[in-house]
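Numbering-wise, my numbering puts 983 at position 567 of the sequence shown, and it's gapless, one number per residue.
I should point out that these hints are in silico values taken from the structure, not numbers from a laboratory.
C-beta atoms are modelled at their ideal positions from N, C-alpha and C, and glycine is treated no differently.
Straight-line distance between alpha carbons at most 16 Å, and here's what the computed EDC-like set of lysine to aspartate or glutamate pairs gives:
#1 707 x 561
#2 711 x 740
#3 839 x 986
#4 739 x 560
#5 725 x 693
#6 707 x 816
#7 513 x 542
#8 739 x 533
#9 760 x 533
#10 489 x 520
#11 913 x 939
#12 822 x 718
#13 747 x 718
#14 513 x 545
#15 852 x 515
#16 1111 x 1100
#17 725 x 688
#18 711 x 821
#19 690 x 676
#20 632 x 654
Distance ranges between label pairs, derived from CB positions:
#21 557 x 930: 47 to 57 Å
#22 858 x 744: 45 to 55 Å
#23 942 x 858: 15 to 25 Å
#24 1067 x 836: 44 to 54 Å
#25 977 x 828: 34 to 44 Å
#26 858 x 924: 44 to 54 Å
#27 928 x 605: 51 to 61 Å
#28 815 x 744: 14 to 24 Å
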Amino acid sequence: MRLERGWRCGCGALGRACAHCGAERRCRGVCARPRRRVMQGAVVPASGEEVYFKNHSKQKQKEVMEKNGNNHKLRVCVATCNRADYSKLAPIMFGIKAEPQFFELDVVVLGSHLIDDYGNTYRMIEQDDFDIHTRLHTIVRGEDEAAMVESVGLALVKLPDVLNRLKPDIMIVHGDRFDALALATSAALMNIRILHIEGGEVSGTIDDSIRHAITKLAHYHVCCTRSAEQHLIAMCEDHDRILLAGCPSYDKLLSAKNKDYMSIIRMWLGEDVKTRDYIVALQHPVTTDIKHSIKMFELTLDALISFNKRTLVLFPNVDAGSKEMVRVMRKKGIEHHPNFRAVKHVPFDQFIQLVAHAGCMIGNSSCGVREVGAFGTPVINLGTRQTGRETGENVLHVRDADTQDKILHALQLQFGKQYPCSKIYGDGNAVPRILKFLKSIDLKEPLQKKFCFPPVKDNISQDIDHILETQSALAVDLGGTNLRVAIVSMKGEIVKKYTQLNPKTYEDRLDLILKMCVEAASEAVNVNCRILGVGISTGGRVNPREGIVLHSTKLIQEWSSVDLRSPISDALHLPVWVDNDGNCAALAERKFGHGKGIENFVTLITGTEDLLLVEGMSMKKEEVVSAAHLIQAAKLGNTKADSILRTAGTALGLGVVNILHTMNPSLVILSGVLASHYVNAVKDVINRQALSSVKTVDVVVSNLADPALLGAASLVLDYTTRRIY
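Please model the entire structure based on the sequences and the hints provided.
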């Protein structure tokens, strides 16, 4: 092996390129070979201990792959072109890097990442500790239509050499930029599998054409919304190669908790700025109507100057027309205006804190209609660049601003408001789904794409049962003895259940609820369940509107005026419903039990199921006699126990008669451990003492195993699906 002098690679190679892997300029360890020391051109092997640990690590990786029936680590090339697509790709890159037993990651950087005028944003990739395998200067300056075409051509000339050297199994391409089109074209022509992120969406400019062109070149698709999935299917893409995962950036957005956000705000906007009292502006040219988009930008700046609030203005992207937009900024003195801070780039971690605490975001960036919805920050979307996007209620559209007054009026309407968080584009679990999808790719399958030309209505994804079967709820049953959490499907199937003894103190109880819910929500990804929300069943008086337990039963001490909704919603970023366990039992019967399709019925809980956990008749002196003991005694021939059950059954029957006379239900459902022992006694009392008009009302025993959990789940499933379908 010939080694040139000049620098040393992690694998020991000297010179401009690593002789083992071909990396340009420096290898930085991507060879994964034992480290060597270089002394005057000689290669000296590393210590025996170092070699042992590397070999041991390789053996562990081999064992994992053989266990999964895969002898080949998937070599993944992630190509990033600009600051916007890196924010979506970075979470996936971190996920790939965290599983070296399954993946090898190569990073290729091109496009505006490498241009000083746009912030040299490749540096943030290095700061995230990713090894950049190749940097390709592909942007032809000019910022006009011709420059965009020439940039695509330049990328097409340079990429084949890189891909020949890397030989990736799959290339991950994001979005709808002209750089991404060059990447997808090169990979497709070189028989490299392509995974396209965020296909199927609709915005409203030339980006739509580029995005759909990449879709036709790509072999696999990761989309963010149900509508995008349907668009891909309508475009004849193979449904089995489409993953509805959500937006990868939402994994970071929904878990972003920076308590020191004020230092970030002050760093970018000044020491005297308060939260919700500043604006973030980000506007790009519209390549299909450059003249109008420049006029719109000019009106936006005029409106912001008149509105007189501190504003962070980000420079536009590299699209045709951006040079003219920068001239408008300078003409109006934005870079020197006391109310404005003009910057080329803000690191994504800091940017999300800035928009999360802003009084408003304005512009036409996809970030405004997608990511910012996760925080409920008001957004003013200008022009046609994002016309086709799905948006939350936090977005106000100004389609055509012929005067600055329209934009100014929009600022007056939106500034300082706070909207509910929108999860249209993700639930925070996109990356685990994508990694699982990548692992499922069979490299032995034919590379040639197959298109599904039959009508979309014949496809399984159009069947409502198929769509709903993976939608699920987290159900919580707060009992006196046990705390139970379950993943419940739309059909009432308990997919997974967790049970713990209920702690005695308020703090421990709430900590345990949060811990169990987080664990269940994480497990839901592995069992292919999409959690729509959390339903909680608890004893005592409840304010369902506020999600507060006003006063609980004696079984749950220190449990009054407790807000259950807020901490659980904040931890999981999901809507939360809370109701009394009796109401939950009735809701369970209506959705999954005897009450299905019945207009009006009554459910009575006759005992606590947790008491069934007592085994045998042996009792300690301090143990309280329970319903379970009573039933067992009656079964064993204890006449006193049998008499008690008959007396209680008669009393319950009288109560049911009163309910029949006052409420006139069509059905009575007895639920709980004692229900089967009371049903005959209740029917007998009705037959003897009820008015003739209600004697025909049927009394049945519930056939639901977990009415409290199922009822809590129905709170979620009924409400969320009513809104969606």
